[in-house]
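Asks: Both chains are sitting in their own frames, so use the hints and assemble them into the complex.
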Amino acid sequence: MPYERYHIPTAPAPPKHAVIGKFKVIRDTEVCRSCGRCIRACIYGAHERKAHDDRAMEEPISCRCKNCFRCIQECPTHALTMIMNPEYSSLGDFYWEPHRFFAISYEAETGRIPVLGAGYRGPFGGSWFDGMWTDMSEIVRPTRDGIHGRECISTSVDIGRRPPFLEFGADGRVLTKTPSILEIQLPIIFDVLPDMQMTKQMMSVLSHAAAWLGTLCIAPMEEVMGVSPQHRPHVVPLVGERIREADVEALSSATVIEIAKGDGFEGILREVKEINRGALISARLPMAPGALDEVLSLCEYKIDAAHLVADRWGFEQQEEDKKHIRQSLRELHQGLIDRAMRDDISLIVSGGIAAAEHVPKSIILGADLVAVDRAMMIALECRLCATCTAPQICPVEIQNADHDWAVQRIVNVVGAWRDQLLEVMGAMGIREVRRLRGEIGRAMFVEDLEGEVFAPLFKDGGFHG
Amino acid sequence: MADRLPGVPESVRAVPFPQSRFFGRFKVDRSADCINCGTCATVCPYGVHDRRAGWGRISHPRDWLCIGPECQVNSFFCVNHCPVNALSVKDNVMFPSLGDYRWSPRLIVSNWKQAETGVPPAGGMESEVGNSGGGFDEMSIAFPREPEADVQPASVDLRVMLNRRKEGERVEIGVPFYGGGMSFGSVGLSIMLSRAMACAAWNTFTCTGEGGYPEALVPYKDHIITQIATGLFGVREETIQRARIVEFKYAQGAKPGLGGHLLWDKNTPDVARMREAVPWSSLFSPFPFHSVYSVEDHKKHIDWVRAIHPKALVSVKVSTPTDVDMVAVGSYFAGANIIHLDGGYGGTGAAPEIAKKNIAMPIEFAIPKVHKFLANEGIRDEVVLFASGGIRTANDVLKAVALGADGAVIGTSELVAVGCVRCGNCESGRGCPRGIATTDPELSRIITSEWGAQRIYNLFHSWDFQMRDALSRLGLKSIGELRGRTDLLRHARLSKGAGRR
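Chains A and B, in that order, are what the protein sequence lines are.
So for the first sequence, the numbering used here puts the first residue at 3; every next one is plus one.
So for the second sequence, the numbering used here puts the first residue at 58; every next one is plus one.
Among the clues, some could well be false.
[To be verified] From the structure, some residues in chain A lie toward chain B, with a derived Cβ separation under 7 Å: (1) T83; (2) L118; (3) G453.
What the hints contain is simulated information worked out from the structure, not anything from laboratory work.
Built from N, CA and C at the ideal position, the CB exists for glycine as well.
Extracted from the complex, chain B is given alone in its bound form (with noise of 0.2 Å):
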């Protein structure tokens, strides 16, 4: 690659992590009965005790990294050896208040951990799935207990094109994600950088969401997807004709026939100045595009973008009706490049909660449904089909690439690798707590670009890697073959032979 633009990750390094350091699965205790005797900090080999150099006493366990009661069979267990019957090791009492169904909370420290370290966490596949209860919740792949040929993870090809078109721009990722939008306003501009340095050190994208292109994201711009939505805001002719991939957002998975969302309170004087619009007055985008209400309006859309920028790649963001299937065909003829489907279950700023739970189905449906149909069509080689709305690891991209997608789209997943912890509150007041979802210029300073961008890039770093190792692992040599392969996936309850373990 040419010149290093600032700021973006060259390698995997570990990060400290303060904002979730406070929190393991296990709760190691340490009682008043302790004399310092500093055994515990010789026998344990993951660090949970340490005595730091100078220091008379040892120091708070580090409850996240032990791996709990189970360590009692190992000859190290701390409790054992402690002199005085200081220690013990529990269930963390915390642990069920993190998270919530979709994503549990194994699932969030598993993230954690891989955005500290860039390696997926010991004990493997165990937090691959939450506890929705379906979906990819209850899908698994299937790896053969002899791969079909011999591929090793280092051969892997993770490329995916993302113009399947005769004409246009050849634009390629080198990993089967990007990064799904996210207005300046819904998250802070630290967020966005954060983004847009990690998806550039990964050749991958990511995208403005729908609030406009603050200057600074500028320099990362053959990263970064413009997004044109209902609202407009922020769309200008140097907008559109800066980005490789112009995304007509019709429509989003977590509020699926309604508008955006902006609630007044986080609509700051720097936000509303980007959007061009009026302070601390909530904003809501239009649904639908009150310019298209037929497939012939959406070419004419697409036909205004290529006039603008001809270069562009056109990536068309809709939500899963019933007749997702006909929505995508009618993309694909009007010219889009890439269909990017959004799930029900989609991450979001703020939406009624009405519409997450209700509206549209989930994207495990969605995708065969339309990959199917588009192959019966005779075009699935021409267009590329991108999924999101609840995908939150690298075996949930495979998955959705195995029931039919080319690749998926990520929001959340990368929110939670710089500390989300799913609260939910990301839509009023002063926004996230935790300087994630917010503008606020004191919650704001929490989280560096530098300090997200890393990891993040160490998340992805992880994802490659497990990606690459169940590809070889299948006996696939590229991510392209995997793409509907359901076979090479195993339903828990629909599967032939399911209940057999």
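In isolation and in its complexed conformation, chain A is listed as follows (with noise of 0.2 Å):
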């Protein structure tokens, strides 16, 4: 076989609706001389003259403002006025933040790292997973220069077990027999998206961008049949708490099959088993307290991988004192390592999975891959608005997306984050992401340095009553 670098090919992909900016700009018509002043101040376009009426100014278009403000000290008689885009400001929520969406939109249209002047601009830490660095190499330590390409730094994970140790007969045979394990080139895949969304179309779509990726995508077990055959062998199916008749035929090829957790798994689990022996098993389970105990009883039953699902923020899936994945994987992770067990499993993690750092970050918290869900449907201009209770009301009406652009738009953005992994990867001198897997020693936490470098400075000074 030829050698061939993984790539991903991206295309722009621009947005079928005008993007939420954060700054909206009006006009005081009643002030407002029609100068045009505004036009020739504004290098983004953002003022124009009525198309049917020259004398007049057509209401600012905000969507291109980029907060300069040169239209508005220019205006001789202080027409202008800019504000923050209150649609901005209300999309989303305190975790799904409005800059996410934007993010996020930029990507899918470019497939591009979203490149900015000016330094950070956001607030000092921050929680969850925005209260973490990670490291870099410089002058003492190894460096990678991944991002133009050269140097290969590899983002291809393994999902399966690995026996600790192998045993060999006297004749110098390998004895131990190894379990299968599926390479994929990318620590992410894709997972069933909220109910409402899983539709047929949103189905055919992730199903192709997974093939075209050659990542995996989680299907519910009616849906996989629905799926075009070609992008099948990247469909995973996800089994419920039975199988019928007419699942037996996407289980016996599927690659990999996902089985929900529940009372009757031991069950489900033989029944797979004797459809389809050689098909790696994932158990989906939500990321809750005891979530270690669950994994290493599914060690026992010899599982490939553990799909640890958070709430969609990323929380412990629980009423009170829900610990956020930052917090909960890490502790899995190392409960894992301290029983010398984490290699007899893969662990994926979802939920809460919002921007492109938090792939890397949760992989240095010990997952092996992520799965995403809303950022994808955000790729599609989805607003989390949640009306897709009625379809016809969606405000971007995603029933209606074309599917060459839809799978374009999830290509571009998963191109994006891999891109973005490479360039935290690089920047730590590493070479392989499955190295980074479980190296909290090259992340900085806000409360560790807080506690290690302030706490004996401030200490007892710093007050003079």
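Replies: Printed below as a string of structure tokens:
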């Protein structure tokens, strides 16, 4: 086979609906003299004359505004005002913040890494993933220049178990039966979308994108046979509480099968094994306290992967004292290491993966790979407004999205995320994403730094009454 | 000082600021009911209302001078005096759309006021911190009720010696900060000149960045650091030989572990000529220096510069990984005079957003870490430690010094002084619409170097004033005495008794 370096082909896929900009420019038509100075002042084209009447000014095209204030300072009659766009501020929620939508929509459109001028503009540290910095190498440690393709950085990961050691017979033959392992090119797979969004059309888009990217796409059992046969090898059927007659065909050809861990788990597992002995098995279970014990019991069944599902914000699925995966994943990974069982199972984590940096951060915390869901909907212009129960009022008419356009948007986001993963790994001098797993020492946590650096300094100083 | 260099400001001069006068915290509205009686112009002591000689009508209110609705306690509150109730004073609805968490609208406006007048804005320290909710923004200087010693502000010594080794030229700066690298290409020539002129006036330095050494800067060469970065753009023997300080940029805080970025649309023919590159192509400096993979290689680099220019001081600009302390010690043993730590929140002309937020730690953590480590190694007094990456105000400089640095390197605050609004669109297209981070022939005409120099000069004047004032209130005779005095800092959450105010 000829050598081929993994590459994600991105192509422009412009949005179908105007991107919600952060700023809104308002023209006071009572005061405006339509002199047109704002047209000359704005280098982004936010001001135009009316198409049918040259004497009057059009409403400012706020989505082009980039907050430079040139038009406002140059308006001779003070007719222009800029405010934060309320539509922008009300996007998403405390976790799926407006700027995440902005980044994903840029990535979906261009397939590129968002690059901007000026330094960091956000809060100092933050909670959850935001209170975590990744390391970099300089001078005293080797570095990698993978970003511009000068050195190869591998992003491929394995799903499956690894025996802790090999046994050899007297004749030198390997006696250990090595379990099968699936290598995929990306530590990112697609998860089942929230109920209302998992339509046939989305299924077809996601499976197509997964096939294109060489990754996997988890699908509800009943949707699998609807997927085009050429993309079906990339589909992971999700088995619920029972297996119907109709499911046997889909299961028998699957490479990976995911089983929701419920009461009848053992029975279902046995049935699945009977249908398809060779498939890798992933167990889907909620990220919750006690997840470690659950995962340990899965190891006994020789399950290949555990898919831990946090809620949409990345928190544990329980009522109170919810921990974010930043903490629970780290504890889970450490728990498995303490029992020398980390390589007995792959960890897939999903829920709350809302940005490119969440991928390397989850892996540093101990995941082998992440599964994404809502971020891919946002790539298709979804605003998480939760009106999906009535598709006819979806503000971006997602149900009418063009198939090829949707696939390209998703491929673009994943391509941009992978490039950003390369940036982070290049900066750290890590050449393989497999080696990034659990590298807690190559990350910095805001509370640790505060404890180590600030606490001793401020313990008794700084107070003169 | 010997002959004055051309364009170097000599004293504070109020500079008109059409580029930012549009903006104030408050909005003063005059409705159509106004009868142009002129009462408001006579009562307002701040000059918000003005009837220009020979004009029948009152001019548009100068909101940026207004002190806001709080003024209503004063007898001269214009709204109360207006006979037809035509005036109103409110918060400016535009205010929140300016700036960001780190550079809050108040910080930007306060910087502008300083750049316009040369003195700190009235209202004192209220605008000394941003809204980032951590780091410098959670620290304050703990002024004692009674200073330990009686020190007059005028006698406070702000000078910093940049060479603490036994050998080499003695280079001293007059204020505890110098300008960070900004390349020709990332900013325009007039901005580079403005910075050089202002730094010459305050006897400090500015830096070429990685984009060559424009000829127009040569007269100011005693105040310009030549930067050598991984792309080696525009680095030649003579640019090294004319510099008193040579800076190796190993990494940059805004994009640690990544090389420099100049996107294609800003690589104009002028820029390309300076960098000896092809116009209209994206220029990415590699990361890292492919000749440096160890401290020994690093020493080879420094020896190379010393062979070309034996008298030059060497500064090493590094970012802030977990082992930043080891990097600093290594740099010292390799022969560096200055260690310049650039924290994760540093400025840039273009960088991936993921790198700015997520790679390497903020400078507030790195300074004490490195300061302590160097002290434990017994070499703290042989090396100079400068910090950058989010130093916005005079207070930030003082906080950095109190955490353990000898001084700070600044950048964005100079750009804000010449009219930057932190919109963050420096990277592509024609560059900065405000004429700062651009080499577009039309846009870069917006700012002249004389005007820019005076603005930056004024800002430095205000900083100099604030630092002298603060040090005298702390009872310290020099900036050196503040170094490492974390006992003079108060952390809003971590200090003993925090929460009590």
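Asks: Each hint should be assessed against the structure and marked as holding or not.
Replies: Here is what the structure says about each hint:
1. Among the interface hints, the one on T83 of chain A holds; its C-beta lies about 6 Å from the nearest C-beta in chain B, closer than the 7 Å criterion.
2. About 5 Å separates the beta-carbon of L118 of chain A from the nearest beta-carbon of chain B, less than 7 Å, and the hint is met.
3. Annotation: G453 of chain A was flagged as interfacial toward chain B, and the flag is violated, the nearest CB pair being 9 Å apart, outside 7 Å.
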